[in-house]
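Engineer: Starting from the two chains in their separate frames, assemble the complex, guided by the hints.
Residues per chain are reported as follows:
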Amino acid sequence: GIQVEQSPPDLILQEGANSTLRCNFSDSVNNLQWFHQNPWGQLINLFYIPSGTKQNGRLSATTVATERYSLLYISSSQTTDSGVYFCAVNDMRFGAGTRLTVKP
Amino acid sequence: NAGVTQTPKFRILKIGQSMTLQCAQDMNHNYMYWYRQDPGMGLKLIYYSVGAGITDKGEVPNGYNVSRSTTEDFPLRLELAAPSQTSVYFCASKGQVGGADTQYFGPGTRLTVL
Chain D
11 GIQVEQSPPD LILQEGANST LRCNFSDSVN NLQWFHQNPW GQLINLFYIP
61 SGTKQNGRLS ATTVATERYS LLYISSSQTT DSGVYFCAVN DMRFGAGTRL
111 TVKP
Chain R
83 NAGVTQTPKF RILKIGQSMT LQCAQDMNHN YMYWYRQDPG MGLKLIYYSV
133 GAGITDKGEV PNGYNVSRST TEDFPLRLEL AAPSQTSVYF CASKGQVGGA
183 DTQYFGPGTR LTVL
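Going line by line, the protein sequences match chains D and R.
Taking the numbering used here, I'd label the letters of the first sequence as residues 11 to 114.
Taking the numbering used here, I'd label the letters of the second sequence as residues 83 to 196.
Some hints could be false.
[Unchecked claim] Some chain R residues well away from chain D (every beta-carbon gap over 10 Å; in silico):
# : residue
1 : MET123
2 : ILE136
3 : LYS176
4 : VAL195
[As the list claims (entries may be wrong)] Footprint (simulated), chain D over chain R, 3 or more residues, beta carbon under 8 Å:
# : region
5 : 125-135
6 : 184-190
The hints are simulated quantities; they were obtained by calculation from the structure and are not laboratory data.
All values reported here derive from a predicted model rather than from experimental measurement.
Where is the CB? At the ideal position from N, CA and C, for every residue including glycine.
Okay, chain R solo, but in the shape it has when bound (with noise of 0.2 Å):
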């Protein structure tokens, strides 16, 4: 298992441009999420689901979106880039290991918006 990827590794943005974070897990996980890490701090939850079609917001959604057509991929859109976006972006899925539910993260993908 190639367990949760994240592509790009890394990206700079101009303000106002767009992309798209690609995630993808071969887990058949139906939770999947995406969190934002700033320099030294925790992570804050974007948006998340519990399966495909299924979306939700989390603590700071504003400035993206999601989509989940498949359990296996979760991409991130961001729209009209701004500086306050320049963060490191994980995406986790859910799974029980042992009877115990356990996210498994991505290795993240960093972003710089200039």
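Pulled out of the complex, with its shape left as it was, chain D reads as follows (with noise of 0.2 Å):
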């Protein structure tokens, strides 16, 4: 089956930092999804994006599908933006994850 990277697995920042999340993917995908688990667990769909690129806000991401891999750029982090972000694709299979720390 599809095999699913992401980089780097932690990532302390400072608050106001930039930082880029990378996820590689092994072989071409039908849907490709980024999302945020909070320190709660509660898991949220930040972008549905299997090609191209979209912003939202201080987050935005960029898929290049002939290249097969996903980047998630978070711009000024806050503290609120800690917690472990997944990349998914065709909803079967999720990365390990990246935990980011935002630190005040």
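Structural biologist: Next up, the structure:
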């Protein structure tokens, strides 16, 4: 089956810094989503992005389907951005996540 | 809308016991999913359904069963619970928002098998 790898596994930032999270996948995909799991365990969909670029406030995402990767950009990070970020492909496969800690 | 609801929130089972995890959604979504999340890991797909009466296996279906008699409900049955089934279980549904497929997750059920 398709493999999904996320990097880095852990990221610690000071409030206000920017960051880039990466998701590599091993085969072509029909859909790709980015999720945020907050410290209480709730999963929230951030983007549905099988290709192209989308922006939502301080967050944006880009998927280059031909090169089999997706990037999630977080600008001007806030402490509420802390948690784990997952990418998921075809609703079937999740990566292991990037744990983000934003310090005040 | 309540979104996706799951019951119970927590449960402790003894080895060999059985239980049903309940999941319901009020968004009229055809697609529904069950995942498990082990500590420090991503989610793994157990079963999914593309509509009432249709279910299919995911990556880790062994030890579980599902049914989908209505659009709203998608219960997950654990038979003969084992310690390896200790995990957090998430139910999700999928619908379109602004032309984009979007999954909505329930709050999860934390299950411990002792």
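Engineer: Give a verdict on every hint.
Structural biologist: Now the hints, each set against the structure:
Remark: the non-interface label on MET123(R) conflicts with the geometry, its nearest Cβ contact in chain D lying 6 Å away (cut-off 10 Å). No beta-carbon of chain D comes within 10 Å of the beta-carbon of ILE136(R); the shortest separation is about 15 Å. For LYS176(R), the non-interface assignment is contradicted: its Cβ lies about 7 Å from the closest Cβ of chain D, within the 10 Å cut-off. The beta carbon of VAL195(R) sits about 19 Å from the closest Cβ of chain D, which is more than 10 Å, so the claim that it is off the interface holds.
Residues of the region 125-135 of chain R lying with their CB closer than 8 Å to a CB of chain D number 4, which satisfies the three-residue condition for coverage. For the region 184-190 of chain R, the assignment as covered by chain D holds, since 6 residues bring a beta-carbon within under 8 Å of that chain's beta-carbons and 3 suffice.
In this structure, the earlier hints numbered 1, 3 are contradicted, and the remaining ones agree with it.
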